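Protein sequences appear in the order of chains P and U.
Heads up: the first sequence begins at 2 in my numbering, then just goes up one per residue.
Heads up: the second sequence begins at 2 in my numbering, then just goes up one per residue.
Hints in this document: simulated from the structure, not taken from any laboratory.
Heads up, a few of these hints could be off.
Since the list gives no way to pick out one identical chain from another, each pair is judged satisfied if it fits inside one copy or across any two copies.
[To be verified] List time: in silico EDC-like cross-link candidates among lysine to aspartate or glutamate, alpha-carbon distance up to 20 Å:
1) LYS118 / ASP42
2) LYS190 / GLU112
3) LYS154 / GLU252
4) LYS317 / GLU288
5) LYS45 / ASP95
6) LYS16 / GLU174
7) LYS216 / GLU237
Because the structure is a prediction, the values reported are computed rather than measured.
2 protein chains.
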Amino acid sequence: MMLLVLGNTELSLIKGISIAGANPELTKFTPPADAEYIFYDRPKIIDAIPVTPQGHPTPAIITKACYELAGFPITVVRAGTFLAPQIPHIHVSDDVGRDFRKTQALPNVDEIVEKGKLIGCELSKVVNEVVIGESTPAGTTTAQAVLWALGYKAKTSSASPNNPQELKKDVIEEGFKRANAKFGELADKPIQALKEFGDPMLACTLGISIGFRGKVVLAGGTQMLAVSAILKALGEDLRRFKIATTRWVVEDRTATFERTAEEIGIDYYVANLDFSQSKFNGLRDYERGFVKEGVGAGGAVYLAEKKGFSCKDVFKKVEELYAKLISNEI
Amino acid sequence: MMLLVLGNTELSLIKGISIAGANPELTKFTPPADAEYIFYDRPKIIDAIPVTPQGHPTPAIITKACYELAGFPITVVRAGTFLAPQIPHIHVSDDVGRDFRKTQALPNVDEIVEKGKLIGCELSKVVNEVVIGESTPAGTTTAQAVLWALGYKAKTSSASPNNPQELKKDVIEEGFKRANAKFGELADKPIQALKEFGDPMLACTLGISIGFRGKVVLAGGTQMLAVSAILKALGEDLRRFKIATTRWVVEDRTATFERTAEEIGIDYYVANLDFSQSKFNGLRDYERGFVKEGVGAGGAVYLAEKKGFSCKDVFKKVEELYAKLISNEI
Numbered sequence: 002m003m004l005l006v007l008g009n010t011e012l013s014l015i016k017g018i019s020i021a022g023a024n025p026e027l028t029k030f031t032p033p034a035d036a037e038y039i040f041y042d043r044p045k046i047i048d049a050i051p052v053t054p055q056g057h058p059t060p061a062i063i064t065k066a067c068y069e070l071a072g073f074p075i076t077v078v079r080a081g082t083f084l085a086p087q088i089p090h091i092h093v094s095d096d097v098g099r100d101f102r103k104t105q106a107l108p109n110v111d112e113i114v115e116k117g118k119l120i121g122c123e124l125s126k127v128v129n130e131v132v133i134g135e136s137t138p139a140g141t142t143t144a145q146a147v148l149w150a151l152g153y154k155a156k157t158s159s160a161s162p163n164n165p166q167e168l169k170k171d172v173i174e175e176g177f178k179r180a181n182a183k184f185g186e187l188a189d190k191p192i193q194a195l196k197e198f199g200d201p202m203l204a205c206t207l208g209i210s211i212g213f214r215g216k217v218v219l220a221g222g223t224q225m226l227a228v229s230a231i232l233k234a235l236g237e238d239l240r241r242f243k244i245a246t247t248r249w250v251v252e253d254r255t256a257t258f259e260r261t262a263e264e265i266g267i268d269y270y271v272a273n274l275d276f277s278q279s280k281f282n283g284l285r286d287y288e289r290g291f292v293k294e295g296v297g298a299g300g301a302v303y304l305a306e307k308k309g310f311s312c313k314d315v316f317k318k319v320e321e322l323y324a325k326l327i328s329n330e331i
Numbered sequence: 002m003m004l005l006v007l008g009n010t011e012l013s014l015i016k017g018i019s020i021a022g023a024n025p026e027l028t029k030f031t032p033p034a035d036a037e038y039i040f041y042d043r044p045k046i047i048d049a050i051p052v053t054p055q056g057h058p059t060p061a062i063i064t065k066a067c068y069e070l071a072g073f074p075i076t077v078v079r080a081g082t083f084l085a086p087q088i089p090h091i092h093v094s095d096d097v098g099r100d101f102r103k104t105q106a107l108p109n110v111d112e113i114v115e116k117g118k119l120i121g122c123e124l125s126k127v128v129n130e131v132v133i134g135e136s137t138p139a140g141t142t143t144a145q146a147v148l149w150a151l152g153y154k155a156k157t158s159s160a161s162p163n164n165p166q167e168l169k170k171d172v173i174e175e176g177f178k179r180a181n182a183k184f185g186e187l188a189d190k191p192i193q194a195l196k197e198f199g200d201p202m203l204a205c206t207l208g209i210s211i212g213f214r215g216k217v218v219l220a221g222g223t224q225m226l227a228v229s230a231i232l233k234a235l236g237e238d239l240r241r242f243k244i245a246t247t248r249w250v251v252e253d254r255t256a257t258f259e260r261t262a263e264e265i266g267i268d269y270y271v272a273n274l275d276f277s278q279s280k281f282n283g284l285r286d287y288e289r290g291f292v293k294e295g296v297g298a299g300g301a302v303y304l305a306e307k308k309g310f311s312c313k314d315v316f317k318k319v320e321e322l323y324a325k326l327i328s329n330e331i
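Generate the whole structure from the sequences, applying the supplied hints.
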């Protein structure tokens with residue numbers, strides 16, 4: 002079973018920080034539209050699937066392909082977004098993460114974590130493994146800020162081949178200044194780190210992970226490193242957890258996925274997708290470092306493989322869905 | 002696994018029609034407070050558990066007792082309520098059922114049914130039986146209106162020993178006049194009957210029941226007869242469904258539970274609870290016809306019995322919870 006946790010942070014409105022939307026304003030629509038697209042031919046909240054400014058389709062297309070192939074259940078969780086998805090979803094909060102350069106990111110972190118725990122606790126009565134994916138524009142910036150506050154010299158990935166590390170660094174340093182915090186200073190106060198610099202997705206995923214009593218697969222790239230680091234700092238036994246991500250994240254030389262995962266001590270699964278033979282430019286560009294991961298894509302492939310489907314099967318299904326999308330647009 | 006579907010209808014604001022709240026205005030709080038009380042010692046949205054004007058505690062106390070004994074999972078669904086429960090819940094709609102004397106009750110019935118179907122469909126990938134309970138002040142009036150529109154000479158029950166049948170009849174007749182409808186006239190148009198006279202809980206429970214592919218236990222009293230009647234009118238095979246209710250509903254001489262269930266052809270389970278030996282007046286009064294059922298009480302006992310607990314075990318736990326409630330109030 003898969004949960005898809007949706008979050009927004011005001012940071013995605015900073016120009017150039019996120020390409021999870023055709024422009025900063027549209028990043029408000031990305032999480033609900035991602036979720037809706039999995040269940041329907043088109044999103045409901047907006048009549049277009051989320052794309053980068055250059056038109057690369059959302060990784061939700063991979064998640065949808067796996068969902069349609071393997072038929073596992075997906076439950077959407079609104080951890081804190083500008084807009085509610087127009088499909089049934091678990092409501093946790095409609096507060097988004099605030100711009101941490103100006104104010105605390107998540108004053109309500111305790112409430113979100115507590116609600117997440119309750120979701121996880123109830124869920125463990127039904128299944129013994131849960132895969133948790135996410136959609137959070139600019140979430141790699143909040144994740145990197147949290148990792149820095151916890152003392153990890155990590156670089157998170159980006160949906161762009163030109164990872165805006167300089168911009169991320171400036172934003173994070175401004176946030177650290179506002180909070181009067183130093184690198185590694187919150188290593189023993191992980192919830193405080195979330196409160197100062199996190200986003201609702203991180204808090205909710207953390208709560209679910211703690212409340213759930215079985216195996217947890219954190220489906221995402223470098224953002225899930227931040228969740229893992231907090232779990233470790235809280236004393237959780239990391240053998241119960243692993244990250245599922247894609248080859249594109251692991252191979253990203255602008256980020257430190259493998260090194261940081263090792264430093265934390267979290268195991269990971271890599272979805273070995275290859276879009277180099279795609280008929281479509283928008284998908285071939287995944288091989289050039291666009292998009293990479295998101296909406297639990299790696300975790301969805303993990304679930305599809307468990308049901309006997311290969312990465313090639315997933316690729317074929319993605320091609321089919323993309324062709325359908327394009328034909329709809331005509 | 003149990004779903005608890007929450008609904009409101011403006012009809013609960015009519016004086017004397019519902020005692021699911023200390024006064025009509027407080028019936029707005031009843032569904033979320035019922036849901037919250039199951040998971041916590043007290044509701045969150047209001048610092049009191051829902052009671053009748055005479056102080057009888059909500060049947061959520063029975064559901065909570067079973068939940069704590071047997072440890073089955075409960076998921077709360079907001080089909081359409083004035084207020085959101087302050088716990089994680091599946092959001093379907095925040096539109097309440099309108100006063101059908103003045104306007105159509107559920108203009109958005111199709112959307113609610115569709116969302117319910119999606120919930121049911123995803124759920125059937127995880128479990129093969131689902132118990133659906135509800136909390137809907139004045140829901141017996143909407144249920145009776147729907148049953149009449151479908152051609153059943155049914156009398157629904159009430160949380161009061163003095164079932165306000167005259168008032169219900171007047172309200173329903175006014176509604177029929179507004180809609181220019183006659184008894185039995187919508188027998189072949191069950192969704193239209195819901196749209197004119199229903200409530201969000203009925204629509205959502207219907208959708209979930211259709212979308213789910215396994216066994217469905219409709220946990221409620223005479224309101225679940227309305228859902229059953231619609232399922233039948235839509236051509237569903239009723240062998241997949243049964244009602245779970247309490248002895249107090251079946252024995253209610255002011256209503257027609259058994260006769261109407263037979264007429265529809267729906268099977269039912271009866272929770273054989275007996276509160277006559279309670280130390281507390283508020284619970285002994287259940288034997289005098291107060292409260293009777295609600296918040297999936299009968300279905301919760303059904304689940305507890307499946308896990309090896311008896312009605313006596315449930316009674317003992319209810320006594321314990323009630324003692325705790327009273328001590329909290331001091």
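Structure-based check of all given hints:
Taking identical chains as interchangeable, the C-alpha atoms of LYS118 and ASP42 lie at most 20 Å apart only when they sit on different chains, with a minimum of 17 Å there against 32 Å within one chain. Within a single copy, LYS190 and GLU112 get their C-alpha atoms as close as 17 Å, which meets the 20 Å cut-off; across copies the closest is 45 Å, which misses it. In this assembly of identical chains, LYS154 and GLU252 lie within 20 Å of each other by CA distance solely inside one copy; the values are 18 Å within and 69 Å between copies. When the C-alpha separation of LYS317 and GLU288 is checked against a cutoff of 20 Å, the pair qualifies only within one copy, where the shortest distance is 16 Å, while the shortest distance between copies is 63 Å.
In this assembly of identical chains, the alpha carbons of LYS45 and ASP95 lie at most 20 Å apart whether taken from the same copy (18 Å) or from different copies (18 Å). In this assembly of identical chains, LYS16 and GLU174 lie within 20 Å of each other by CA distance solely inside one copy; the values are 17 Å within and 60 Å between copies. Taking identical chains as interchangeable, the C-alpha atoms of LYS216 and GLU237 lie at most 20 Å apart only when both belong to the same chain, with a minimum of 12 Å there against 38 Å between chains.
Of the numbered hints listed earlier, not one is contradicted by the structure.
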